[in-house]
Amino acid sequence: MNPRTFPMRAALLTAVLLLVAGTARAAVFDPKTFDLPNGLKVVVIENHRLPVVTQMVWYKVGAADDPAGKSGLAHFLEHLMFRGTGEIAPGEFSRIVARNGGRDNAFTSWDYTAYHQTVAADRLELVMKLESDRMANLSITENVVAPEREVIIEERRSRTDNNPASLLNEQMNASLFLNHPYRIPVIGWQHEMATLTQADALDFYRRHYAPNNAILIVSGDVTVDQVRALAAKYYAPIPRRDVVKRARLREPLHVASRRLVLESERVREPRLTREYLAPSYTTGDTQHAYALQVLETILSGGATSRLHRKLVEEDKMAVSVYASYEPSALDYGTFAIGGQPRGDVALVKLEEAIDLEIARLLKDGVTAEEVARAKNQLVSSADYARDSLRRGAMSIGTALAIGMSVEQVETWPQRIGAVTPEQVNAAARNVFNIVNSVTGALVPAPRPSRS
Amino acid sequence: MRALIRFIAAPLLLILVAAFAPSAIAAVAIERVVSAKGVEAWLVRDASVPVISVQFAFRGGSALDPVGKEGLSNLVAGLLDEGAGNLDSQAFQRRIEDNSVSLSFDSSVDSFSGSLRTLKRNEATAFDLLRLALNEPRFDAPAIEKVKTQTRAWLSGAAENPRRIAGRVLSIAAFGEHPYGRPGEGTRATVERLTRDDLTAFPKQRFARDRLVIGVVGDITAADLRPRLDAVFGDLPASAGPVAVADVAPALNGQVFVIDKKIPQSVVNFAQGGLSRQDPDYYIAYVMNQAFGGGGLTSRLMEEVREKRGLAYGVSTGLAPYDHSALYSGSVATQNDRVGESIDIIRKEWANLRANGLTDAELADAKTYLTGSFLTNIDSTGRMASLLVGIQLENLGIDYLDRRNGFIEAVTMADVRRVAQRLVDPAKLTFIVVGQPRGVAATAPTPNLED
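Line order of the protein sequences matches chains A and B. For the record, in the first sequence the residue sitting at position 38 is 38 according to the working numbering, with numbers rising by one throughout. For the record, in the second sequence the residue sitting at position 182 is 182 according to the working numbering, with numbers rising by one throughout.
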């Protein structure tokens, strides 16, 4: 009765779609921007396809800004933002939005926290009033904080503790990053989550939530003049506040590759994942970022990509293989590569085969044709990005929250289009350094034999 | 973007909730397009983005797979894009990638569906690839072997996935030997037994025009669409006759199943019999459920289970109508020590709903949400095309979008009280618990789950 979930192809499509999230072609989303005197940056993306509008407010603070020993705090605050202001009772925010035919939600990453509502265009003023209210007037009591703390711990169990692959992924992050807070899970370590208090949350709120540390994005059936007037009415009165500048710990030189094994009774078929430290759009050897996106596509952007063709189709060693580059980060990016061997193939054999492919890549480089095909795929994905009312708000919000410019988003297709085979080869040499990596094996635990 | 934490999980239900939530959809003009050969499609033309999305479905899904050949529909869905006409798998996939086309197939219990998305500039190639996949699939031996291997790997993962286990036990408990009780993806044994003859016979038996519905959205005119429809669908068999699946009443009588899995958080499905999509009380139940457990953060169950007590990250319920049966079901996940508490609250609220229906405010809020939010979820050409297919599969009529809000607005308190008495039955509410729950005693033996 379950919806059919097909394993491989779905994974490939996801990889391609994720690329779109970072993106666009010349004047892809064509946003208009202005700043309020209190420092709030405002972006308007007009799209008149339907009488619907999305508001997003992004705060430039995330889990990597959690104080030491208080992991999970940025995310906990995200939950508590729904638990009341002086005017709005706990839970009322979402009720008012729903009563007005809208949907609302929020999310937290290492680098940002965002809140969003999608409503009929004539309800924009309502959600701007509500969102601006909680930017300045959060008011929470211990009796909403205590159950919410249980909720985030249940959320951790659902996302992580119940799932061996998620647990391994968490351990791998903690191993890949020796010092930078990306080593700590966004959701938090359970023993620290259990100690988070109302005071912790309010303190974090006061230090980071301010108009001059936020981005307002309105996309959909709206004009920039309408947004200007409403933003002036609701957001402009919120005073600017000093916010803590984000200064995160840096990674030391890595000198030894790391290897992890997670054995679980809940795993039947082994899987391999390797993660390398990589440049992002904004940190490290950033000149490689676009070339790494092309490289990711060459390696695993579909059924004819290098890894799939060689290891799944030709050598029949793997059920699936993938490469995944994540450039959208305030600090370090990551480049992951991995797969699942066929039942009769040892995990170490798959790893050797992947390493051979990497070695061949570093020795022989990529071909001009491979680069041209990958670039075509990527640039086309930007064409699809406008086929969604929310994609532009997501892409631009992410970019601005990690210190990129609107211009960088809008020129993404040209930047991809300019990548050369030599640049892809240089990027590969930059990233595929084993000492900057962690390799994780997810393997079945021996099963108790039944008598 | 780095791993996002969303505020609330996407659909928690394993069993899909009725496809449309809904509104004043005057903005959408649906055109009935009939080709020279008599193929009908519903078209929403939208030239604002140079993208075309096509969705279609044949009535009859995995429930039609013969006993012993479970997984047939699923395997065909995985193989249609693995080579067609004179293109083998790699050549076919290369054409897809180089033209930036998305093409996929899927099977559910009641239908076999397909999805095509293309840029306007690659329209001719995209439709031709779809034509090839539907009319001339190759089912080459290496492709069969590969996709079988992938399916086996997927089944191995699913066998340890608590949500999947709970869903399978629910299906077996509710439907037993009926086709709805069998696994749509098959088992390792049944997938192994499927032959090339089974696969090649499938399109002739299932892809018939009297079972076909089509939705097209995007940058294409009716005049341009007609010949495309003829090329893709015009030569399919005219008739495959009615879908021969028996109606079945779910055998859910308040049992409790406990499936022991070593995980910290128990995953719980609960269900009783539901209402057919054609039932005159369907909209009343739909509105009632919205307030009770369908409304995300704002539902009554969410308030009781999550907001007040911190027992779960999410709890939700939904009507799950099938063509030949119906469930009213939900899910929750709670740490093992407190599962009994969650179940007690859900039972109590189930009884409370039956006895007292909704409050005036709950009913009013559910109605304004459902009427106002429809368009907010239809934010891409693909989603709109899916909606067009869903309306046709359920025989709701081409003017459905004009009438839908009227059905919802007509629901009264008296209706809700009557339908609560008719539908909601705590004595029938059956629980499936996967984990190591404390304070929960099984009342029924765990059915045998084949991998």
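Don't take each hint at face value.
Stated by the list, open to error - Think about it this way: if two alpha-carbon atoms lie no more than 27 Å apart in a straight line, the pair counts; the simulated BS3-like pairs of lysine-lysine are:
no. : chain 1 : residue 1 : chain 2 : residue 2
1   : A       : 349       : B       : 120
2   : B       : 308       : A       : 316
3   : A       : 70        : B       : 308
4   : B       : 148       : A       : 316
Derived from the structure by calculation, the hints contain no laboratory data.
Results for each hint:
1. For the hint linking residue 349 of chain A to residue 120 of chain B, the alpha-carbon distance of about 44 Å lies beyond 27 Å, and the restraint is violated.
2. For the given pair, residue 308 of chain B sits about 53 Å from residue 316 of chain A by alpha-carbon distance, which is inconsistent with the 27 Å threshold.
3. A threshold of 27 Å between alpha carbons decides the hint, and for residue 70 of chain A with residue 308 of chain B the separation of about 24 Å falls inside it, so the pair holds.
4. Our distance criterion of 27 Å between C-alpha atoms is met by residue 148 of chain B and residue 316 of chain A, whose separation comes to about 13 Å.
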